[in-house]
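Top to bottom, those sequences are chains A and B. Read in order, the letters of the first sequence correspond to residues 1 to 288 in this note's numbering. Read in order, the letters of the second sequence correspond to residues 289 to 714 in this note's numbering.
Please keep in mind that the hints were generated in silico from the structure rather than gathered at the bench. Where hints are given, some of them may not hold.
[To be verified] So the derived list for chain B, only partly shown, Cβ under 10 Å to chain A, looks like this: (1) Phe363; (2) Ala374; (3) Ala377; (4) Leu454; (5) Val472; (6) Pro536; (7) Pro538; (8) Asp551; (9) Arg678; (10) Pro686; (11) Leu693.
[Stated by the list, open to error] Mimicking EDC-like on lysine to aspartate or glutamate, the simulated pairs with C-alpha atoms at most 20 Å apart in a straight line are: (12) B:Lys368 to B:Asp351; (13) B:Lys696 to B:Glu505; (14) B:Lys696 to A:Asp178; (15) B:Lys602 to B:Asp403; (16) B:Lys710 to A:Asp226; (17) B:Lys368 to A:Asp148; (18) B:Lys602 to A:Asp40; (19) B:Lys376 to A:Asp8; (20) B:Lys643 to B:Glu607; (21) B:Lys368 to A:Asp51; (22) B:Lys696 to B:Glu519; (23) B:Lys609 to B:Asp351; (24) B:Lys368 to A:Glu61; (25) B:Lys376 to A:Asp127; (26) B:Lys400 to B:Asp411; (27) B:Lys696 to A:Glu61; (28) B:Lys710 to B:Glu546; (29) B:Lys710 to B:Glu700; (30) B:Lys376 to B:Glu607; (31) B:Lys710 to A:Asp148; (32) B:Lys696 to B:Asp531.
The beta-carbon is built from N, C-alpha and C at its ideal position, and this holds for glycine as well.
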Amino acid sequence: MRPRRPFDPWWMLAPTAILLLVFFFWPLLSAVYRSLFAWDLLTPPRWVGLDNYRVLLSSGEIWHAFWTTLVFSIVVVIGSMALGLGLALVLNRRGAFFGFVRSAIFSAYVISWVSVALLFLWVLDADAGVLTHVLRAIGLPTANWLGDPHVALYTLAGVTIWKITGYAMVLFVAGMQDIPPSLYEAASLDGAGRWQRFQNVTWPMLRPTAAFVGTTSLILTFQVFDVVRVMTQGGPVRSTTVFVYAIYEQIFENLRVGRASAEVVLFFVLLLGLTLLQLWAWRRQEPT
Amino acid sequence: MTRSSRRQFLKAGAAAVGTAALGCNTTNAPPGRKLASLWFSYGGRNRRVLEQLVHRFNHSQSDHWIHAVYQGDYFEALAKLRTAIAAKAGPAFSHVVGEVITYLAGADVLEKLDDYPGARGLDVIPALGQDGSWIGGDQRPLVALPFNRSTPIAYLNGDLFDKAGLAPPTTWQELREAARALSVRSGGRTTRYGFGCPIDWWFWTALVGQAGGQVVEPDGRVSLGGPAGVEALELWQHMVSQDHSMKPPPGRDYNAWEATNQDYLAGRTAMIWTSTAFLKYLEDNAPFPVVAAPLPARQRHAVPTGGTFWVIVKSAPAEQKQTAWAFLRWVLEPAQVITWATHTGYMPVTHAAVKRLDAEGYYQRHPNDHVAYEQLRVAMPWPWSAELFRIQREIVQPRLESAVLSHKNATELLAQARAQAKRSLQ
């Protein structure tokens with residue numbers, strides 16, 4: 001279809017295109033350019049070519065941050081989706097009580113990250129925290145939730161799951177309410193039990209919702225910062241230094257703008273690679 | 289709306305937007321006063337004391353007006369200061385941690401103060417001023433004046449030490465013995481630790497000095513103390529993993545420091561090492577007698593100094609710099625130095641203030657306040673190195689945590705750190 005006035009589509013696209021240009025492409029190009037310099041904002045930038053990339057790749061710093069972020073994301077995405085789906089299955093019922101419980105669970109999603117992090121600092125104190133007291137009272141082992149390098153990342157993942165599960169649950173509930181009841185009736189007439197109805201009706205119909213929840217949760221977890229900044233500051237022993245926090249450390253604590261820019265570029269490339277991989281996997285699953 | 293009133297409205301709107309865009313750099317001073325903006329980092333009690341001092345200054349004369357703005361902890365404030373200087377929107381003056389002064393001086397963003405009236409004649413205690421805080425600090429242009437200066441000291445729970453019949457430890461051996469004696473274990477876990485200390489470069493530097501080493505040699509080589517550095521790190525490792533008598537707090541930087549304070553106040557640790565800056569806070573909030581003591585010795589007694597220095601931003605307008613200077617001269621007078629020191633726990637930074645406190649019998653009434661000052665006799669100056677803070681943050685600090693929390697070999701870790709520091713300085 002040809003527009004009557006050929007420039008109309010461009011005018012309509014312009015607001016979005018300008019926003020993308022100013023807030024996405026320009027900063028990205030600027031980061032690429034800055035990554036070729038050693039710069040601390042105060043002294044004149046010094047050309048170092050690809051040295052920032054060489055240091056980041058050879059020191060293993062970038063791989064450590066990427067691996068930490070990936071582990072965090074996998075735990076959070078799987079955890080929040082599984083828990084969200086489970087809660088949706090239990091709470092997808094009519095009635096004020098179920099509505100209240102759904103709202104209560106979702107409310108965690110709208111609380112600020114800083115408030116959640118401060119609340120859990122208190123809950124997770126290794127000696128005086130509520131969780132430690134409860135576990136001890138029922139005779140279960142405790143851990144140094146935020147002070148043990150082998151535990152801290154999973155603790156932060158747990159806090160994040162607590163916060164975003166309500167989001168997954170609400171979307172799954174919405175997805176379930178879109179499934180025509182006739183499909184369940186037909187399945188029941190065919191003698192399908194609860195598990196078979198879930199396996200053959202609910203889950204296939206929820207797959208687009210699951211893909212959406214998975215993608216948005218993945219994006220959110222790759223951008224995690226606040227909870228790390230407040231609860232662990234990347235420690236102990238850099239065990240919670242996720243990608244965005246590593247960039248923050250470089251620019252604001254180590255005062256290395258060039259190296260932080262190189263991290264931004266590498267982060268972009270790695271995320272782009274992951275996204276392409278995800279798209280390829282989805283397209284393979286689509287019926288031809 | 290008539291044309292002229294519409295114009296007035298637009299003008300007022302533009303002025304409001306402009307004012308908002310300039311942000312905290314603009315505030316109204318009373319008519320006839322010269323305004324200067326001060327960015328500061330003190331929180332809680334110390335913030336209140338500083339704000340009272342600023343209030344006093346503003347009402348003690350009629351020429352100047354200081355607008356004090358809180359900017360987060362030391363490193364948050366530094367990040368903002370650096371960005372603001374680059375954007376030419378910085379304050380007239382601020383206060384900055386010692387480790388970063390050398391870097392900022394190297395970047396030539398600090399005002400040289402030598403030619404300001406009375407600058408070199410200030411009655412500053414050398415170990416706390418630029419002259420004695422850095423090796424060769426007296427050979428360089430004056431860019432930093434001391435205000436909140438500290439050393440690490442030991443805080444003991446007076447009740448627990450009395451019950452156990454223990455005296456403040458004066459050697460590492462006594463420290464380990466006291467920490468073991470005061471620790472309580474039950475059901476395979478420690479319910480009270482004898483000792484607590486942030487796993488932080490500042491305290492490790494103190495240990496290195498006590499073991500007879502220094503982090504940077506006089507020729508500028510980053511030795512990290514050599515064998516003394518390893519011995520320092522192994523002391524922590526032994527106390528945490530073998531004796532189970534030391535609690536490494538969770539979190540990093542000042543979060544870990546705060547956790548250390550809370551453990552001490554709650555009686556979860558019997559003795560901590562932290563800054564003298566927390567003296568009044570701990571005395572006010574502890575439900576037991578707080579006893580301050582100097583750090584123990586290994587080969588010798590040694591402590592680094594810490595805290596921040598006043599700096600004037602070179603790019604600030606001349607008039608603002610004059611106002612900042614007027615405030616700095618005023619705040620270094622004995623009355624203000626005494627107010628600051630006796631209300632916070634930081635050390636008085638001028639001879640006159642110390643003399644007056646001594647003459648008034650303050651130290652007899654408050655012996656805890658004298659501990660940090662006494663330790664100045666063994667204070668170690670820092671090297672004048674623009675890279676020092678990066679060696680601290682990027683190279684040493686993660687390895688200290690790795691040694692203590694992940695039980696890695698101290699010798700190997702410090703050898704790696706030395707090699708990385710050498711590459712970084714090339």
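Right, here's what the structure says about each hint:
1. Interface restraint check: Phe363 (chain B) against chain A, minimum CB-CB distance 6 Å, threshold 10 Å, status holds.
2. For Ala374 (chain B), the shortest C-beta to C-beta distance to chain A is roughly 4 Å, which falls under 10 Å, so the interface hint holds.
3. Because the closest C-beta pair between Ala377 (chain B) and chain A is about 13 Å apart, greater than 10 Å, the hint is violated.
4. With a cut of 10 Å, the hint placing Leu454 (chain B) at the interface with chain A is violated, because the nearest CB-to-CB distance is about 23 Å.
5. For Val472 (chain B), the interface hint is violated, the least distance from its beta-carbon to any beta-carbon of chain A being 12 Å, above 10 Å.
6. This hint holds: Pro536 (chain B) has a C-beta 7 Å from the nearest C-beta of chain A, less than the 10 Å allowed.
7. Hint status for Pro538 (chain B): holds, given a least beta-carbon distance of 4 Å to chain A, under 10 Å.
8. Given hint, Asp551 (chain B) at the interface with chain A, holds; its Cβ is 7 Å from that chain's nearest Cβ, closer than 10 Å.
9. With a least beta-carbon distance of about 6 Å to chain A, the hint placing Arg678 (chain B) at the interface is held under the 10 Å criterion.
10. The beta carbon of Pro686 (chain B) comes within 5 Å of a beta carbon in chain A, closer than 10 Å, and the hint placing it at the interface holds.
11. Taken as an interface hint, Leu693 (chain B) checks out: its beta carbon lies about 5 Å from the nearest beta carbon of chain A, inside 10 Å.
12. This hinted pair does not check out: Lys368 (chain B) and Asp351 (chain B) have alpha carbons roughly 28 Å apart, beyond 20 Å.
13. Of the pairs offered as hints, the one joining Lys696 (chain B) and Glu505 (chain B) is violated, with about 25 Å between alpha carbons and a cut-off of 20 Å exceeded.
14. For a cut-off of 20 Å, the pair hint linking Lys696 (chain B) to Asp178 (chain A) is broken: about 55 Å separates their Cα positions.
15. This hinted pair checks out: Lys602 (chain B) and Asp403 (chain B) have alpha carbons roughly 13 Å apart, not beyond 20 Å.
16. At most 20 Å may separate the alpha-carbon atoms for a hinted pair to count; Lys710 (chain B) and Asp226 (chain A) exceed this at roughly 34 Å.
17. Annotation: proposed proximity of Lys368 (chain B) to Asp148 (chain A) is violated, straight-line Cα distance about 31 Å (limit 20 Å).
18. Of the supplied pair hints, the one linking Lys602 (chain B) and Asp40 (chain A) holds, its CA atoms being roughly 17 Å apart against a limit of 20 Å.
19. Between Lys376 (chain B) and Asp8 (chain A) the alpha-carbon distance is near 42 Å, which puts this suggested pair outside the 20 Å criterion.
20. For the suggested pair Lys643 (chain B) and Glu607 (chain B), the alpha carbons sit about 34 Å apart, so the restraint of at most 20 Å is broken.
21. Of the supplied pair hints, the one linking Lys368 (chain B) and Asp51 (chain A) is violated, its CA atoms being roughly 27 Å apart against a limit of 20 Å.
22. Restraint check for Lys696 (chain B) and Glu519 (chain B): the C-alpha separation of about 14 Å stays at or below 20 Å, so the hint holds.
23. A threshold of 20 Å between alpha carbons decides the hint, and for Lys609 (chain B) with Asp351 (chain B) the separation of about 13 Å falls inside it, so the pair holds.
24. Simply put, Lys368 (chain B) and Glu61 (chain A) have alpha-carbon atoms about 25 Å apart, too far for the 20 Å limit, and the pair is violated.
25. Among the hinted pairs, Lys376 (chain B) with Asp127 (chain A) is inconsistent with the structure: their alpha-carbon atoms are about 47 Å apart, more than 20 Å.
26. A threshold of 20 Å between alpha carbons decides the hint, and for Lys400 (chain B) with Asp411 (chain B) the separation of about 18 Å falls inside it, so the pair holds.
27. The suggested pairing of Lys696 (chain B) with Glu61 (chain A) holds, with an alpha-carbon distance near 18 Å, which does not exceed 20 Å.
28. Annotation: proposed proximity of Lys710 (chain B) to Glu546 (chain B) is violated, straight-line Cα distance about 33 Å (limit 20 Å).
29. Between the alpha carbons of Lys710 (chain B) and Glu700 (chain B) the distance comes to roughly 15 Å, so the proposed pair stays at or under 20 Å and holds.
30. The suggested pairing of Lys376 (chain B) with Glu607 (chain B) holds, with an alpha-carbon distance near 16 Å, which does not exceed 20 Å.
31. This hinted pair does not check out: Lys710 (chain B) and Asp148 (chain A) have alpha carbons roughly 30 Å apart, beyond 20 Å.
32. For the given pair, Lys696 (chain B) sits about 17 Å from Asp531 (chain B) by alpha-carbon distance, which is consistent with the 20 Å threshold.
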